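Asks: Full structure from sequences and hints, please.
Each protein sequence line maps, in turn, to chains X and A. Taken in order, the first sequence gives residues 424 to 741; the numbers are from my numbering. Taken in order, the second sequence gives residues 285 to 534; the numbers are from my numbering.
Heads up, some of the hints might be wrong.
[Stated by the list, open to error] Selected chain X positions facing chain A (Cβ under 7 Å, derived; list incomplete):
no.: 1; residue: A429
no.: 2; residue: K433
no.: 3; residue: T521
no.: 4; residue: S523
no.: 5; residue: K524
no.: 6; residue: S527
no.: 7; residue: Q528
no.: 8; residue: I530
no.: 9; residue: A548
no.: 10; residue: A552
no.: 11; residue: T719
no.: 12; residue: A720
Don't read these hints as lab results, they were simulated from the structure. These figures come from a predicted structure and were not determined experimentally. Even for Gly, the Cβ is constructed at its ideal location relative to N, Cα and C.
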Amino acid sequence: MKGIKAIIKKELSDHFSSYRLIIIFALITMVSLITVYMVGLNIRHELKGIAKPRFVFLMLFTSPGAMFSLVQFVAFFGPLVGLILGFDGINRERNQGTLSKLLSQPIYRDVVINGKFLAGVILIAVMMASIVLVIAGLGLLLVGIVPGLEECLRMGIYLFLSIIYIAFWLEVALFFSILFRNTATSALAALAIWIFFSFFISLGASVLGNTLAGSAETDTTESLVRKAEIVKAISLLSPMELYSDATTLIIDPRRKSARSVIAVGPMEQISMSRFSGPLALSQSIMVVAPHLIFLTALTLVCFAVSFAVFMRQEIRSV
Amino acid sequence: MDQQAVIETEALTKAYGHQIAVDQLTLQIFEGEIFGFLGPNGAGKTTTILMLMGLTEPTSGKARVLGLDPVRNPIQVKARVGYLQENMGFYPDLDARQMLRFIAELNDIPSESVEARIDWALNTVGLAEEEKKEIGAYSRGMRQRLGLAELLIKDSKIAFLDEPTLGLDPDASNRMISLIESLCRDRKMTILISSHLLHQIQRICHRVGIMIKGKMVAQGPLANLAREKFGVGKETFTLEEIYMKYFQEN
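Replies: Following this line, the structure appears as structure tokens:
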């Protein structure tokens, strides 16, 4: 990939000197600091005088502070970071006439989009890693517990998942910046997709679930379970749902299944609570693997589509 | 001048849907010459240049640039050929040196020689004083000269200059034309220049081609075209008169 280093370097220096990145970083740092502070105090209060449960450290990420836990926050607003980084990636170059200048240099055309994507991924990685480290560091101070190896591994996997998740949204935004000439149009289109997958798909899923599995009056156990399964299957189309499922499984070892309804009788409940030990790391990974693969596949599909569209575009219209 | 053709096209055609932008173009440009590429707006000049750069694919026909096929080897062609596009884009928040450094990186110029080369290129185009200024604050003439400096950084063998004097004041456009002439003279650059400033083209070009509605209607040294249109002994006709004559006939 000749020239990709130059593009990445240029993109990174552009990003680092742009105000919007500074604003995003400030916002995210602030929110993570506040969250970890509240959560940390909370945990310290609750743990007073009792034996420390396993994986207390991971609770820093999962237990809600004032409004939401950090994991929820990233699932919700992480996409925005990706969108902001990518929405004008190609069409800004096009509008200022630098795209054809770039393309008349001896580099392959795809190097331009690859370079922009990779530069974005590097930024996302730096951002997520610093958030996780800040929280871990402050958590150490507030809770006074050193994370074990397994907890560190789980945090690492969480980090990896988050980077892929936000990279997906970056790719969506880049795709729209290839498709639309106007930067405002591409930003709005990307936002629309984000809103759709964040808010409306769960609504649509429950409507569909109701229609397909029968109305609420004739609820039987079977129809309830079926409905829950349909809703789950549809909402798994949403990257946000995929990501939140995957991260809660990985970072909260007590969760063993992504299923929302588990039908159990009283006897099973008793036996479950007796064996409510956390899931081993390898088992968590196995549960999460399909999510991860699907998320990566979504990113790749999006990448392939933007690649195809970009390669076919006439330079004349550039 | 030795008559080695560095650019050759054979029935080169580009159609956008039903509209034919370039029609069966056969063109030869020789090493070390300045070729004036004339014609009204929308005649297909820019499309021809894009095909020669490998930036767009011809519908039919063949092109050779320095013996390379721009469709099959666009990267090699782009490494040797510089293109100064009409309404050239630039990054407004870079300064001249950063811009040239970026171009050098994209062209894989060994980093130890880059800075000296940038100094030399900026001196040649007369921007050495201005190098710390952001390009956003440059005048149009300065931006065009910076564009020429990019070609110097790449050490292009061939330069395609698409309307390099468009929208420049008389002083800036004279300066640009002299600079282009010196690139050809001192750097042995082969230059294809499209412009509407016919008297300036007449001053510097060795040969001209007139393109109207996608077709090349005349090609050759000025004196030949004059003789062809106005008869033997009428070689003193200006390019402007010749151009208008062709334009009215087509």
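Asks: If a hint holds in the structure, say so; if it doesn't, say that too.
Replies: The hints, checked one at a time:
1. A429: OK, holds: X:A429 within 7 Å of chain A, min 4 Å.
2. K433: holds (6 Å)
3. T521: Holds, because the Cβ-Cβ distance from X:T521 to chain A comes to roughly 4 Å (cut-off 7 Å).
4. S523: Given a least distance of 6 Å, the restraint on X:S523 holds.
5. K524: holds (5 Å)
6. S527: Hint on X:S527: holds, closest Cβ of chain A at ~4 Å, below 7 Å.
7. Q528: holds (4 Å)
8. I530: holds (6 Å)
9. A548: violated (23 Å)
10. A552: Check failed: Cβ of X:A552 comes no nearer than 27 Å to chain A, outside 7 Å.
11. T719: The hint is violated - X:T719 has no Cβ within 7 Å of chain A, the shortest such distance being about 30 Å.
12. A720: violated (31 Å)
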